[in-house]
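One letter stands for each residue in the lines below.
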Amino acid sequence: MREMDPSSGEPSAISRRSFLKGATQVAAAGGIIQATAAGAPAEVVDPEVETLSGTSSLELLVNGKARSVEVQPRTTLLHALRTHMDPPLTGTKEVCGTGSCGACTVLIDGQPAYSCLSLAVTCAGRPVTTVEGFGSADAMSDVQQAFCDKDGMMCGFCTPGFVVATHAALDRSPKASLDELKYELSGNFCRCGTYPHVFDAAAAVQEDRARGEEGR
Amino acid sequence: MSSSSRGAQASEPSWGKRSDLDVLNRDIPRVDGPVKATGEAIYTHDVRLPGMLWARVLVHPVPRAEIESIDLEVASEMPGVVYVEALKEPGDAVRYLGDDAVLAVVAAETPDQAADALRAIKVKARRLAPVVTPAQALEDGAPVVSRRRDADSNVGRANERGDEAVADAALAGAVAVVERTFEIPIQHHVCLETHGHVVQPAPDDEQVTVYASTQSVGGTPRGLARTLGRDASKIRVLTPHMGGGFGSKFGPGLEGAMAARVADQTGRPVHLMLTRSDEFAIAGNRSGSRQTLKVGARSDGRLVGLKLDADKHGGVSGGSLPGPPYIYTVADDSAVASRIRSVFTATDGSRAMRAPGHPQASFAMEAAVDELAYLLGIDLVEMRIRNLDSEVHHRQLRRVAEEIGWGEHPHRDRPGRAENGRAVGIGFGVSVWGPGGRSSRCDVTIRPDGSVVSATATQDLGTGARTYVAAIVAEELGLAVNMIEARIGDSDLPPSVTSGGSVTTGSSAPAIKDAAHKAREGLEALLVDVLEAPVGSYVWRNGQVSVRGDSTRSLPWIAVCALLREPLLAQGEFRDFLHEGRIHGAQAAKVEVDTLTGRVKVLKMVACQDQGLPLNRLALRSQINGGMVQALSYGMLEQRVFDEQDGFLLSDNLDLYKIAGAQEMPEMVALIDDEDERPSVCGMAEAPVIPGHSAIAGAIHNACGARLTRMPFTADNVLETLYGKI
Ligand code: FES
Ligand code: FES
Numbered sequence: 157m158r159e160m161d162p163s164s165g166e167p168s169a170i171s172r173r174s175f176l177k178g179a180t181q182v183a184a185a186g187g188i189i190q191a192t193a194a195g196a197p198a199e200v201v202d203p204e205v206e207t208l209s210g211t212s213s214l215e216l217l218v219n220g221k222a223r224s225v226e227v228q229p230r231t232t233l234l235h236a237l238r239t240h241m242d243p244p245l246t247g248t249k250e251v252c253g254t255g256s257c258g259a260c261t262v263l264i265d266g267q268p269a270y271s272c273l274s275l276a277v278t279c280a281g282r283p284v285t286t287v288e289g290f291g292s293a294d295a296m297s298d299v300q301q302a303f304c305d306k307d308g309m310m311c312g313f314c315t316p317g318f319v320v321a322t323h324a325a326l327d328r329s330p331k332a333s334l335d336e337l338k339y340e341l342s343g344n345f346c347r348c349g350t351y352p353h354v355f356d357a358a359a360a361v362q363e364d365r366a367r368g369e370e371g372r
Numbered sequence: 004m005s006s007s008s009r010g011a012q013a014s015e016p017s018w019g020k021r022s023d024l025d026v027l028n029r030d031i032p033r034v035d036g037p038v039k040a041t042g043e044a045i046y047t048h049d050v051r052l053p054g055m056l057w058a059r060v061l062v063h064p065v066p067r068a069e070i071e072s073i074d075l076e077v078a079s080e081m082p083g084v085v086y087v088e089a090l091k092e093p094g095d096a097v098r099y100l101g102d103d104a105v106l107a108v109v110a111a112e113t114p115d116q117a118a119d120a121l122r123a124i125k126v127k128a129r130r131l132a133p134v135v136t137p138a139q140a141l142e143d144g145a146p147v148v149s150r151r152r153d154a155d156s157n158v159g160r161a162n163e164r165g166d167e168a169v170a171d172a173a174l175a176g177a178v179a180v181v182e183r184t185f186e187i188p189i190q191h192h193v194c195l196e197t198h199g200h201v202v203q204p205a206p207d208d209e210q211v212t213v214y215a216s217t218q219s220v221g222g223t224p225r226g227l228a229r230t231l232g233r234d235a236s237k238i239r240v241l242t243p244h245m246g247g248g249f250g251s252k253f254g255p256g257l258e259g260a261m262a263a264r265v266a267d268q269t270g271r272p273v274h275l276m277l278t279r280s281d282e283f284a285i286a287g288n289r290s291g292s293r294q295t296l297k298v299g300a301r302s303d304g305r306l307v308g309l310k311l312d313a314d315k316h317g318g319v320s321g322g323s324l325p326g327p328p329y330i331y332t333v334a335d336d337s338a339v340a341s342r343i344r345s346v347f348t349a350t351d352g353s354r355a356m357r358a359p360g361h362p363q364a365s366f367a368m369e370a371a372v373d374e375l376a377y378l379l380g381i382d383l384v385e386m387r388i389r390n391l392d393s394e395v396h397h398r399q400l401r402r403v404a405e406e407i408g409w410g411e412h413p414h415r416d417r418p419g420r421a422e423n424g425r426a427v428g429i430g431f432g433v434s435v436w437g438p439g440g441r442s443s444r445c446d447v448t449i450r451p452d453g454s455v456v457s458a459t460a461t462q463d464l465g466t467g468a469r470t471y472v473a474a475i476v477a478e479e480l481g482l483a484v485n486m487i488e489a490r491i492g493d494s495d496l497p498p499s500v501t502s503g504g505s506v507t508t509g510s511s512a513p514a515i516k517d518a519a520h521k522a523r524e525g526l527e528a529l530l531v532d533v534l535e536a537p538v539g540s541y542v543w544r545n546g547q548v549s550v551r552g553d554s555t556r557s558l559p560w561i562a563v564c565a566l567l568r569e570p571l572l573a574q575g576e577f578r579d580f581l582h583e584g585r586i587h588g589a590q591a592a593k594v595e596v597d598t599l600t601g602r603v604k605v606l607k608m609v610a611c612q613d614q615g616l617p618l619n620r621l622a623l624r625s626q627i628n629g630g631m632v633q634a635l636s637y638g639m640l641e642q643r644v645f646d647e648q649d650g651f652l653l654s655d656n657l658d659l660y661k662i663a664g665a666q667e668m669p670e671m672v673a674l675i676d677d678e679d680e681r682p683s684v685c686g687m688a689e690a691p692v693i694p695g696h697s698a699i700a701g702a703i704h705n706a707c708g709a710r711l712t713r714m715p716f717t718a719d720n721v722l723e724t725l726y727g728k729i
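One line per chain: the protein sequences are A and B, in this order. 157 is the number of the first residue of the first sequence in the working numbering; add one for each residue after it. 4 is the number of the first residue of the second sequence in the working numbering; add one for each residue after it.
Just so you know, these hints were derived from the structure itself, not from any lab. Remember, it's a predicted structure, so these values are computed and weren't measured experimentally. All residues carry an ideal CB built from backbone N, CA and C; glycine is no exception. There's no promise every hint is true.
[To be verified] If you want the footprint, here are the derived chain B segments under chain A, 3+ residues with CB under 8 Å:
| no. | stretch |
| --- | --- |
| 1 | 42 to 52 |
| 2 | 112 to 122 |
| 3 | 282 to 294 |
| 4 | 449 to 462 |
| 5 | 563 to 570 |
| 6 | 652 to 659 |
[Said to hold, decoys possible] Cross-link-like lysine-lysine pairs, in silico, DSSO-like; alpha carbons within 30 Å at most:
| no. | chain 1 | residue 1 | chain 2 | residue 2 |
| --- | --- | --- | --- | --- |
| 7 | B | K728 | A | K338 |
| 8 | B | K728 | A | K331 |
| 9 | B | K604 | B | K661 |
| 10 | A | K331 | B | K125 |
| 11 | B | K607 | B | K661 |
| 12 | A | K338 | B | K607 |
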């Protein structure tokens, strides 16, 4: 992501304008946005000086709770969670901001998604689950517990993304083979190199769940 | 508070017999696992303070330019913008793409406003020739980019060792000689948490609080003292959790200084984390190199002569590369000659990165060993054993060879051939490290209610340091790990070391042990009248203390602590005899090469690593795996790429700078070398990252005869090596 048009050294506004236009249309179609006093994004006259957005208030359904946020059309779900909500939910991490690393993985409508690539306005009213939604340090989910038992973490910065992705993977394919798991988790990077222990954790959950089913 | 460190000590601390250990040398789940797995752990990235400003820096997109103007007017009038400052004046030069390319800093009420303001800064600059590659730096008449004032070229002074004539004579007499030139690209640390700080200002008589993603909680106050115009003791640094460092986070850097300055100027807390693209441009890297290595051997495989001519590529820094022969020995030392110099480019200076210089040296040396073995028809493992001094390496090589199936492998002294375009090979590599230990302190406090705190100003980079801060005390006092509260990541705690060069465990673990031992003896002194046995004759186990040899005379932990009238403070310090200085490792890799497409798939990696007494086997296996994963990533995928024409850094995010993900993972086996029975502890993070990529390159060679001399081992690299340039 470059901050300026390299050839002129000037800020480039064109791509922003078109990006925002698209975002507004999405929002309008959903019918969720109420324009605030600041108004919906106006036609931009001078791209060099205008801020290309207004704010909108909307309701996000995060971990089963309705949370009001004031966002701009361009605000990503990731930023809505981490910096717009009060109190913020900082478990979801930002690492690349461009959909390459998976640190920001959440569930939207039960499906794993990169929250850095999802606009907050498109998530209004749809259930969002973040890592905090699966459990807390005193009451962890089975996946979170397995990550602790198998040491599926080192620095832990990628761990929230992996926990959410592992939950999603095991829900989608409870009997996933190791190769299938690798595929399911291939959207997440870990620089410390915890992968082998993450696989161990996932396998432990599979075993536990299978045992639970047999017992039923 | 009573301090037991005042009293005479009955005995010296010791790690004890391994068979007697209840907590250490076992799998200990990390104590901060639950907060990390649930997102509750607060990293610097996550700190939110009332009234906090969001700051960003503007990095010039190309390495060399002359600034004509930086216009802040529009930016400073934008909504929410509180602070804008240009760091360069008209006429100033941007000399390299690194901290010198930071043109401005802005701070605003929201992150978006800060980003908008950054985009609104108008910069006019005249671009100069980029000098981003060593070839450009070495061209006749190339602009001098070295930071040394008197520099008149981009080449540093060569470090020459040994007598070339002696080496040449030895090589002339060798039965087999190989000579190759190796090209090793620049690698990035890619800490998932970028560099950055949150600075909360304070009145002069109070402490400024700085949250820092750092490997040096203790050193950061000194690093910010000048910027903040106050004594280091008036700066408190907190690092409750940090998202990776790998050698790149030793000091506050320009970004820390800027955060401190904006906080100081505005009187408000400031959050300044680099963006990912900033991080790639200005937050350091592992230096690359170009090495021409010539090695000769006798018919029995023993190395007899070696010459190395190497350039280190560390941007505006010198880079690192240990002198040859790397780990292996040459029959007569005097037959080794080397010339190592730095070639400077106008790019970010290299920083320490997990075993600085070693993976680079390993790549060339292991290749030479492989090739000589093949020339002489000697088994690859046998060839290594003949040229390695340490028995530890010998046994570790045999162990990894067995684990990877070397005995059944069909071609052990010559490369194989592809069948139907598919070839399987195995390769090896070894490592060493001398982590050492230094002065460090720890306080253990036991309260009358039975609670225990173990505190030291170390930091947990993901190594599991926080866990052994508790576990060592738990072992000594016969308690469960979760009964000890570990306090780390705070510069106000008893000082410990900067985490670099694997020194943390060797430094802080002995201090923790010493404190725990003193605490135990402090309690035993109280028991003399109660259980009627002298200090030193008690057994602490399962939350009970009993007199050795008479389990009927015992007390539960809570009752012991109830004897305290005030908290017992035991102050521990680094004890030389509790730490170990030298470690070894061996690794093996098995690959499959598709000789039609050039694709390499790593099938399996095995590592065997010693480290004295393993404190936490689970965390240790994590680190050994982590070393293999990073080495695989380095070998197979990573390289920094510049646009040579204009000087843009092309690989500035994770879509274009690839690191290994789940699908690249082979089967991995992390073996702890339990034949190492040294009664002492030491860090080991560096060693396992050293030889993995060399073993993979060796495996590719063993599979199909292609000796890759360039990294990464991409398909085109394999095809070009097999069939020549197309
Ligand atoms: S931060 Fe969203 S994928 Fe990296
Ligand atoms: S645990 Fe550090 S990045 Fe995954």
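Here is how each hint holds up against the structure:
1. 42 to 52: Since three or more residues must qualify, the claim that chain A covers the stretch 42 to 52 of chain B holds, with 8 doing so at under 8 Å.
2. 112 to 122: Per the Cβ count (6), the hint holds.
3. 282 to 294: Violated, because only 0 residues of the stretch 282 to 294 of chain B bring their Cβ atoms closer than 8 Å to Cβ atoms of chain A.
4. 449 to 462: violated (count 0)
5. 563 to 570: violated (count 0)
6. 652 to 659: n = 4 at 8 Å, threshold three: holds.
7. B:K728 to A:K338: This hinted pair is violated, its Cα atoms lying about 34 Å apart.
8. B:K728 to A:K331: Judged against 30 Å, a Cα distance of about 46 Å means the pair is violated.
9. B:K604 to B:K661: Holds, at about 16 Å.
10. A:K331 to B:K125: violated (56 Å)
11. B:K607 to B:K661: Within the cut-off at roughly 20 Å; holds.
12. A:K338 to B:K607: Cα-Cα ~15 Å, so holds.
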